[in-house]
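Given chain A's structure and the hints, the job is docking chain B onto it.
Line by line, the protein sequences are chains A and B.
Sequential numbering from 1 applies to the first sequence in this note's numbering.
Sequential numbering from 1 applies to the second sequence in this note's numbering.
It is worth saying that the hints were derived from the structure and are not from the lab.
In this text, all values refer to a predicted model and were calculated from it rather than measured experimentally.
C-beta atoms are modelled at their ideal positions from N, C-alpha and C, and glycine is treated no differently.
Please note that the accuracy of each hint is not assured.
What the hints assert, rightly or not - Heads up, simulated SDA-like pairs for lysine to any residue below, C-alpha to C-alpha not over 25 Å straight-line:
no., chain 1, residue 1, chain 2, residue 2
1, B, LYS153, A, SER265
2, A, LYS122, B, PRO25
3, A, LYS195, A, ALA253
4, B, LYS153, A, PRO256
5, B, LYS153, A, SER272
6, B, LYS150, B, GLY237
7, B, LYS155, A, ARG262
8, B, LYS150, A, ARG262
As the list claims (entries may be wrong) - Computed, partial: chain B to chain A, Cβ under 7 Å:
no., residue
9, ILE152
10, ALA162
11, GLY237
12, GLY240
Take a look at the letters that make up each chain.
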Amino acid sequence: MHLLLVGISHKTAPVELRERLDFQARGVEGALRAIGARGATREALVLSTCNRAEVYAACEDLSAARTDLIAFLSEFHAVEHAAIAPHLYELTDLDVARHLFRVSSGLDSLVVGEPQILGQVKDAHSAATTAHTSGAVLNRLFHSSFAVGKRVRTETGLGAGAVSISFAAVSLARKIFGNLDARNVVVIGAGEMGKLTARHMRSQGVDRVTIVSRSMSNAARTAEAIGGASAAPWEDLDAVLGASDIVITATGAASPILTKARIESIMRARRSRPLFIIDIALPRDVEAAAGEIEQVFLYNIDDLQATVRENLARRESEVTRAETIVGEEVDKFAAWLRSRGAVPTIVALRQNFEAIRRSELERLLKVSSLPPESRARVEEITRLLVEKLLLTPTEQLKALGDADTPASYTEALTRLFALHAAAPSSSGDAESPRPRVVEGPFNRSSSKTGS
Amino acid sequence: MQLIPLVLYVTAFAAYVWHFAKRQPTVGRTATTLLVAGALAHTFAIGMQTVAIGHIPFAGPTSAIGTFVWMLALAYLYMEMTTEERAMGPMILLLIVALQTIPVLRPVIEDRDAVLQGPLFGVHVSSLLFAYASFALACMIGITYVLLFKEIKAKHLGFFYARLPSLQILDSMNQQATILGWVFLTIGLIVGWIWAVQAPATDPRVQAMQLQDPKIFLAVVCWAVYSFEVFGARRIGWGGRRTAYLSAIGFAIVLLNFVPVGYFLTRSHNF
Numbered sequence: 001m002h003l004l005l006v007g008i009s010h011k012t013a014p015v016e017l018r019e020r021l022d023f024q025a026r027g028v029e030g031a032l033r034a035i036g037a038r039g040a041t042r043e044a045l046v047l048s049t050c051n052r053a054e055v056y057a058a059c060e061d062l063s064a065a066r067t068d069l070i071a072f073l074s075e076f077h078a079v080e081h082a083a084i085a086p087h088l089y090e091l092t093d094l095d096v097a098r099h100l101f102r103v104s105s106g107l108d109s110l111v112v113g114e115p116q117i118l119g120q121v122k123d124a125h126s127a128a129t130t131a132h133t134s135g136a137v138l139n140r141l142f143h144s145s146f147a148v149g150k151r152v153r154t155e156t157g158l159g160a161g162a163v164s165i166s167f168a169a170v171s172l173a174r175k176i177f178g179n180l181d182a183r184n185v186v187v188i189g190a191g192e193m194g195k196l197t198a199r200h201m202r203s204q205g206v207d208r209v210t211i212v213s214r215s216m217s218n219a220a221r222t223a224e225a226i227g228g229a230s231a232a233p234w235e236d237l238d239a240v241l242g243a244s245d246i247v248i249t250a251t252g253a254a255s256p257i258l259t260k261a262r263i264e265s266i267m268r269a270r271r272s273r274p275l276f277i278i279d280i281a282l283p284r285d286v287e288a289a290a291g292e293i294e295q296v297f298l299y300n301i302d303d304l305q306a307t308v309r310e311n312l313a314r315r316e317s318e319v320t321r322a323e324t325i326v327g328e329e330v331d332k333f334a335a336w337l338r339s340r341g342a343v344p345t346i347v348a349l350r351q352n353f354e355a356i357r358r359s360e361l362e363r364l365l366k367v368s369s370l371p372p373e374s375r376a377r378v379e380e381i382t383r384l385l386v387e388k389l390l391l392t393p394t395e396q397l398k399a400l401g402d403a404d405t406p407a408s409y410t411e412a413l414t415r416l417f418a419l420h421a422a423a424p425s426s427s428g429d430a431e432s433p434r435p436r437v438v439e440g441p442f443n444r445s446s447s448k449t450g451s
Numbered sequence: 001m002q003l004i005p006l007v008l009y010v011t012a013f014a015a016y017v018w019h020f021a022k023r024q025p026t027v028g029r030t031a032t033t034l035l036v037a038g039a040l041a042h043t044f045a046i047g048m049q050t051v052a053i054g055h056i057p058f059a060g061p062t063s064a065i066g067t068f069v070w071m072l073a074l075a076y077l078y079m080e081m082t083t084e085e086r087a088m089g090p091m092i093l094l095l096i097v098a099l100q101t102i103p104v105l106r107p108v109i110e111d112r113d114a115v116l117q118g119p120l121f122g123v124h125v126s127s128l129l130f131a132y133a134s135f136a137l138a139c140m141i142g143i144t145y146v147l148l149f150k151e152i153k154a155k156h157l158g159f160f161y162a163r164l165p166s167l168q169i170l171d172s173m174n175q176q177a178t179i180l181g182w183v184f185l186t187i188g189l190i191v192g193w194i195w196a197v198q199a200p201a202t203d204p205r206v207q208a209m210q211l212q213d214p215k216i217f218l219a220v221v222c223w224a225v226y227s228f229e230v231f232g233a234r235r236i237g238w239g240g241r242r243t244a245y246l247s248a249i250g251f252a253i254v255l256l257n258f259v260p261v262g263y264f265l266t267r268s269h270n271f
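So here's chain A without its partners, still in its complex pose (with noise of 0.2 Å):
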């Protein structure tokens, strides 16, 4: 069985290409019965998000798969397959792990880390398993790189820390205040930027957020159109902003509003409660020397922007680390793939025992009249001496090193037991006659597919 990888991502499609062969549109599940009903393929899963469409398999013939898949990408989104060529790629065998390994650990994403593609390949695994297209080696890659992504979150920073001025801004308001449902955020300026931030605010789960404008009609408008925000008129900014934890500045003034002798009267009425400014006004809103004054904590876009390359450039810091654990991870995948080649001549070889282990109790029980507990007893002694026998050759079959050993192995196997004589469905195939005992999906139940 080999694994087949055929897809476009970020890194190889302009986005109206991804747009095309989004299958979400389309939907996954329809676009896997109609992988399934063409029969190149043993098992197939689809993986599609706004930055990559890909499609993973499992097959027998390579070449063939190939070919129907990305004849599939073309008829199924209805893209000429000259438009689609350059921008693919094709992936098989170990190298689809380790694409997909990366992929969930968000090393191959756009932003590298981000946390929402592991989810994603969730989902992706969850309507195969739906539509009843992902089988045992999908299964068993899926849920490997489940394992890797959270290795590479828990053990690496490469997920660490913001990575876009409006989540650097919520993570340092949440490292000075904890939790920020009970805080309250005042936005001054009712502009574009000040709607967008207080919104941003509420998807963060702020419920207090109030709009201080100079036109008390426009903080109303924007107050209403964000929706559970209030408006405070500017006459009332001092006392607005000795109630409140979080203050957003946003407006067009050619000079600071906030300057740092207002803010320390402001702050002796606050007491020791801290102070979060957020100036994202160019001019500055606030005198740059406000963020002296103690339990005050002033950003702007600059400091934010700095704050977030930090964290890119720390992320970056830890690919190599990430990387290692890939590696670790496609290794082990390997040795499973591996062991699992030998899994139809073990078969094979313990059916083999099987039938003599019967005939020679068959022939016993002919010739001597045994009562039935002694036949048990018999019965249980010969099955026991099988397993026993058969156990170490399985282990070592399994735990075979390289990648030739095992075909060699169960070559040797196959001539000194007689295997593909002795088993009832040989695969036909040349290379390894041996007896097709692990069933992909389409061909186990192909009602299901739709062909």
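Chain B alone, transformed into the frame defined by chain A:
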């Protein structure tokens, strides 16, 4: 007897430092497990000493330090389990290890003098030891508060920013530990004063129990500092970093009173 807890505290300290640096959950759980093992071994050691001498070993400075370390380990474990926060672990364990080396290097169990019989003495010492353990926690929480405060104020969000809880949580934990410590310090001082009044005046140590005695003087200064922190500081706008500094100053006085003054300078408390 005191060596096994020390060894476990040292390994727990190493695990807490590792966890703080690498933030691996399994290392964090290992650190807690090692500390629990250390505290249990310490409980066993103190229990054995109690059986041997017939009372809890806190009459002399060495025994008192051993019992203080044990209380601090238990208080920290309680705090960690209620807040699920291990960030203070390295600093608390550093203090635990440093102080636990004293009973290990000087393995004496001071016998209780005849003058120290009675329940008031037990209440006095156990209240003060518990107060000191609370102040130690408040001090370490205060130090972590200052480290985080400085990073946010300097707009350089780095090592501590990624590892410590919010300033609000640290401030609230510091406040709770200080209030608890202040209550027990007050009880300990009042009970100690009542005990001194009714103690036989013929004993020279009882005669030395005056405000001029360095141990008593520093205990009163300590009470004044913590009283100001609990009742006055926030009213005059001394919140956050300044109260954190007060916690550190208060505990520095506690340590000064506990170790050098307790061993070398006091005439009233050399039992």
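**Item:** ALA162 of chain B as chain A interface residue, shortest Cβ-Cβ below 7 Å
**Value:** Holds, about 6 Å.
**Asked** Taking the closest Cβ pair, is ILE152 of chain B under 7 Å from chain A?
**Response** Since chain A brings a Cβ to about 6 Å from ILE152 of chain B, closer than 7 Å, the hint holds.
**25 Å Cα cutoff - pair LYS195 of chain A, ALA253 of chain A** = holds, 17 Å
**Asked** Within 25 Å, alpha carbon to alpha carbon, are LYS153 of chain B and PRO256 of chain A?
**Response** Within the cut-off at roughly 21 Å; holds.
**Item:** Per-residue hint verdict: GLY237 of chain B, partner chain A, C-beta under 7 Å
**Value:** At 5 Å from the nearest chain A Cβ, GLY237 of chain B passes the 7 Å test, so the hint holds.
**Request:** For the pair supplied as a hint, LYS153 of chain B and SER265 of chain A, confirm whether the alpha-carbon distance does not exceed 25 Å.
**Result:** holds, 20 Å
**Asked** Under the criterion that the straight-line Cα-Cα distance not exceed 25 Å, is the pair LYS150 of chain B, ARG262 of chain A satisfied?
**Response** holds, 24 Å
**Asked** Between LYS122 of chain A and PRO25 of chain B, does the CA-CA distance stay at or below 25 Å?
**Response** OK: LYS122 of chain A and PRO25 of chain B at ~23 Å, within 25 Å.
**Asked** With a cut-off of 7 Å, does the beta carbon of GLY240 of chain B approach a beta carbon of chain A closely enough for the hint to hold?
**Response** Because about 6 Å separates GLY240 of chain B from the closest Cβ in chain A, which is inside the 7 Å limit, the hint holds.
**Prompt:** Between LYS150 of chain B and GLY237 of chain B, does the CA-CA distance stay at or below 25 Å?
**Reply:** holds, 18 Å
**Item:** Hinted pair LYS155 of chain B and ARG262 of chain A, Cα distance within 25 Å
**Value:** holds, 22 Å
**Asked** Given the hint that LYS153 of chain B pairs with SER272 of chain A, does the C-alpha gap stay at or below 25 Å?
**Response** holds, 15 Å
Consistency note: the structure conflicts with none of the earlier hints.
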